[in-house]
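Going down the list, the protein sequences come from chains Z and S.
Sequential numbering from 1 applies to the first sequence in our numbering.
Sequential numbering from 1 applies to the second sequence in our numbering.
Treat the hints as calculated values from the structure; they're not laboratory data.
Warning: the hint list may mix true and false statements.
[Stated by the list, open to error] Restricting the straight-line Cα-Cα distance to at most 20 Å, the calculated cross-link-like pairs of lysine to any residue (SDA-like) are: (1) K94(Z) x D477(S); (2) K582(S) x G140(Z); (3) K94(Z) x K578(S); (4) K578(S) x E137(Z); (5) K178(Z) x H202(Z); (6) K80(Z) x D32(Z); (7) K260(S) x A157(S); (8) K207(S) x N119(S); (9) K584(S) x G140(Z); (10) K117(Z) x V190(Z); (11) K248(Z) x P230(Z); (12) K582(S) x E131(Z); (13) K94(Z) x Y492(S); (14) K584(S) x S139(Z); (15) K582(S) x M142(Z).
Just so we're clear, the structure is a prediction, and the values are computed from it rather than from any experiment.
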Amino acid sequence: MTASSAVLRVGGVSKVFEGNQKIRALEAVTFDVFPHEFLCIVGPSGCGKSTLLRILDGLDLPTSGQVLFNGELVTAPSPKISMIFQTFALLPWKNVRENVELGLEAQGLPLRARREKAAKYIESVGLSGFEEAYPRELSGGMKQRVGIARALAVEPEVLLMDEPFSSLDELTADTLRKEVLEIWRDPTIVTNTFVMVTHNVHEAVFMADRIIILRARPGTLVADITVELPRPRVKVAQTQEFFDYEKKIISVIEQYSGPAYGTQT
Amino acid sequence: MGGFRVRPDYFIVPVIPLAFYLLTQIPVVGPSLHAIYSYPYTADLFQLNWDNFVLRTMIRMILAYGLSVAFALVYGITAAMSKRAEQFLIPILDILQSIPVLGYLPGVIILFLSLFNGNIIGQELASIILIFTGMVWAVTFGVYGGVKTIPRDISEAAHSFGIRRTKYLRDVVLPAIYPPFISGSILAWGGGWYFLIACEYLSFANKVYQLPGLGFYIFKAALDGNLTASIFGLLILVVIVGIINRLIWHPLMDHAEKFKYESSVLPGHRRMQSRATHLLLKELRKVSDDLAAAVEPVVTLEHRYYPHVLRFRHANTLTHFHIRTAWHKHSRLGSLIGTVIGIVLAIIIFRILVPPRLPEALREFVLRRDLAQLPSYAFGSVARLLVGYLIALSWTLVAGIVIARSERLFNALLPVFDIAQSVPALALFPIVISVVINYFHGSELGLELASVVLVLTGMQWYLLFNIIGAVKAIPSDVIEASRCFGLRGLGYIRNVVLPAILPAIILGSIQAWGGGWNATIASEYINLGTKTYHVAGLGYLLDISVGRGDTPMVLVAIGLMAGIVFLMNRTIWHYSLKQVDKYKFEA
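Between the sequences and the hints, there should be enough to build the whole structure, so can you do that?
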């Protein structure tokens with residue numbers, strides 16, 4: 001793969017928060033994201049990985065450096081890049097269908113086209129029959145399904161995920177991970193480049209093609225590891241090779257932030 | 001969780017000299033004090049006597065606040081910790097707080113004047129109790145809400161570690177109460193100032209009891225047509241409110257933040273210092289790190305205070321939300337018991353106030369002609385409140401959303417609003433009236449206008465603060481999601497902001513109508529000595545009935561007001577709250 005084919009090019013991105021003290025959240029972070037890739041960003045809390053994701057989406061601007069999406073500078077959120085939130089970020093006063101239609105409505109799509117697309121993506125996350133339900137009536141796993149459908153409905157090229165499974169119980173998270181991977185590989189769904197932020201090393205090795213590791217204070221990129229494990233990885237997850245990847249990543253993180261990290265996963 | 005410690009240095013500063021002063025006054029309670037009170041005051045700009053006006057007002061406020069705190073702690077903690085007590089204590093509290101300050105006046109005056117045989121002490125105590133009735137509810141709800149927000153795992157952990165009774169009270173309950181107690185106290189002081197005049201210029205049964213104080217000074221000066229002196233008095237009041245906020249509530253609020261259970265990171269408040277303070281600190285750090293460290297809390301407090309105030313207000317509002325929805329939902333029996341106890345209390349008070357031959361008095365009363373005017377009075381007040389409410393809602397909605405979304409406006413305007421809301425409504429009446437007389441030549445329309453303007457002052461702040469607080473409380477992930485999916489401008493306001501603040505608008509409306517009813521007393525009738533002005537309404541009826549000592553009519557007017565408030569709560573607001581229940585963000 002050549003560098004020119006990259007979907008996202010992150011070049012020397014730094015972010016400084018001015019406050020009581022200057023916080024250097026990110027410093028000179030550079031990497032590329034390629035089409036059809038599942039990329040995970042891993043690191044200890046406070047390493048700026050969520051800030052990085054927000055800069056990729058255009059929600060936040062870097063203090064210096066730049067993000068290019070298909071060669072164009074990212075300065076504001078665009079429908080071509082969509083996002084899934086850790087705490088779901090659903091609007092409590094809108095039902096499932098209305099929440100999924102949020103981005104479509106903002107694009108000014110006519111009602112009928114909106115309904116059709118919403119129905120398609122509600123079905124793809126297995127929520128058919130729940131269109132009229134309100135978020136408060138749904139379980140955590142179902143809420144995140146709504147979040148996924150909402151992000152997919154605008155048919156973006158890149159899907160960003162900010163710790164999408166960390167507010168779910170492990171069983172639900174496990175199911176949802178597999179479903180997200182299925183969506184990623186589904187040829188009928190146009191979105192095929194996924195970038196996920198996580199602090200769960202097992203999750204990263206299970207899902208990613210490539211893992212980049214950030215260290216904290218300042219947030220800098222310390223490793224870029226390609227995961228060469230066959231898919232699907234349900235059974236692979238029990239093999240020595242899989243454990244080796246986990247160990248390797250944890251040792252890189254611990255090298256920069258002390259041994260306490262290993263207990264977090 | 002550590003013990004409960006308040007930094008003593010801050011609030012003892014103003015309290016000690018005042019307490020000292022109070023002590024020195026005790027020996028002269030007698031003839032000399034009497035001489036002061038019988039002195040015919042002509043409030044003149046140059047006669048503002050600090051000893052007699054400002055200090056006396058402060059002492060009254062502090063004593064009333066002290067009483068409120070004692071009451072709030074006992075009542076609030078009992079209501080929150082005992083399920084059985086809660087069932088009737090909370091409904092009673094809800095009813096008592098909806099009675100306007102003036103509604104307590106006849107009972108309080110009769111009681112204290114008879115207890116002290118018409119002595120000055122009786123008048124003073126009556127005034128303090130009246131201020132107390134304007135302060136106590138906010139503190140009590142704060143305390144109650146504080147105990148209610150103790151997370152279950154905390155209380156369970158405390159119990160499993162054997163922390164019980166006084167230790168539980170000291171280590172768990174008091175720290176949990178602390179933040180809402182402070183916010184309740186700030187509201188209470190605002191309420192106290194707002195009704196200060198009514199509490200220092202007591203007019204009952206054709207007699208006026210004047211208590212030398214700042215409120216009296218402001219009002220008397222206005223009555224005498226000395227607007228300059230009146231405005232001067234108001235300015236002094238504003239300065240005092242500002243000083244108290246800065247010296248007492250700012251640091252306490254900041255300190256209380258550490259006792260909150262929720263995470264204290266407000267979205268959009270990562271940068272709490274303005275550019276100027278940031279540069280200042282940078283320069284100072286060059287000189288000396290210690291110096292910068294010492295200066296920093298002083299200059300940053302200003303910026304943290306108002307977000308804190310708003311957040312606490314918001315929490316307070318949510319407590320009310322909880323109380324109202326929970327009360328109606330779960331405990332019909334409890335609210336029934338509460339209502340019955342309330343009625344029994346009312347009857348007992350009634351029996352004390354009304355002449356002993358009740359049946360004859362009742363028969364006489366029913367035959368009175370002026371009863372026929374009640375519906376038109378009620379209609380007049382409701383119409384005025386409605387107009388005031390609509391004006392208040394439209395301007396606060398626009399202003400609230402704009403202010404909450406702009407950090408610069410927020411930092412610039414909140415301090416102004418915070419003080420403006422404490423300005424006593426009665427103080428404004430003479431000023432507004434003089435404008436009306438000049439421009440409308442005292443016409444009916446002009447008076448109606450003046451009345452609506454004054455009602456507005458009693459309503460708008462509740463709406464404004466609730467709206468700003470709610471806009472600020474929209475979770476950051478929801479804001480980001482809306483931006484991510486391209487919601488902008490009006491689409492964002494319509495799809496996100498308006499639904500998000502709807503519960504706060506409704507709760508603000510309930511409070512605004514409560515405040516509005518209170519303000520009708522100050523806005524429908526004024527006696528300028530030579531001439532009286534009035535518009536037909538229940539506030540006017542209450543004013544003249546109190547002035548004449550017409551107790552049965554006072555009770556009827558209060559009953560009618562309370563009835564309308566109750567009816568509106570039970571129908572419009574209860575229904576709306578139920579509708580917006582799903583609008584709440586989940587924790």
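Consistency of the hints with the structure:
A threshold of 20 Å between alpha carbons decides the hint, and for K94(Z) with D477(S) the separation of about 16 Å falls inside it, so the pair holds. The suggested pairing of K582(S) with G140(Z) holds, with an alpha-carbon distance near 17 Å, which does not exceed 20 Å. Taking the CA atoms of K94(Z) and K578(S), the gap is near 16 Å; set against the 20 Å cutoff, the hint holds. For the hint pairing K578(S) with E137(Z), the CA-to-CA distance comes to about 16 Å; that is within 20 Å, so the pair holds.
Between K178(Z) and H202(Z) the CA atoms are separated by roughly 13 Å; this keeps the pair inside 20 Å, and the hint holds. With a C-alpha separation of about 17 Å, the suggested pair K80(Z) and D32(Z) falls inside the 20 Å cut-off, and the hint holds. Between K260(S) and A157(S), the direct Cα distance comes to roughly 17 Å. Compliance with the 20 Å bound is thereby established for this hinted pair. For the proposed pair K207(S) and N119(S), the alpha carbon gap of about 15 Å is at most 20 Å, so the pair holds.
For the suggested pair K584(S) and G140(Z), the alpha carbons sit about 17 Å apart, so the restraint of at most 20 Å is met. Proximity of K117(Z) to V190(Z) is assessed by CA-CA distance (about 13 Å); at most 20 Å being required, the pair is judged to hold. Proximity of K248(Z) to P230(Z) is assessed by CA-CA distance (about 18 Å); at most 20 Å being required, the pair is judged to hold. Pair hint K582(S) plus E131(Z) holds up; C-alpha atoms about 16 Å apart against a cutoff of 20 Å.
About 14 Å separates the Cα atoms of K94(Z) and Y492(S), which keeps this hinted pair within 20 Å; it holds. Distance check on the hinted pair: K584(S) and S139(Z) sit about 17 Å apart at the alpha-carbon level, within 20 Å; holds. Taking the CA atoms of K582(S) and M142(Z), the gap is about 17 Å. The hint holds against a cut of 20 Å.
Comparing the model with each earlier hint shows no violations; every hint is respected.
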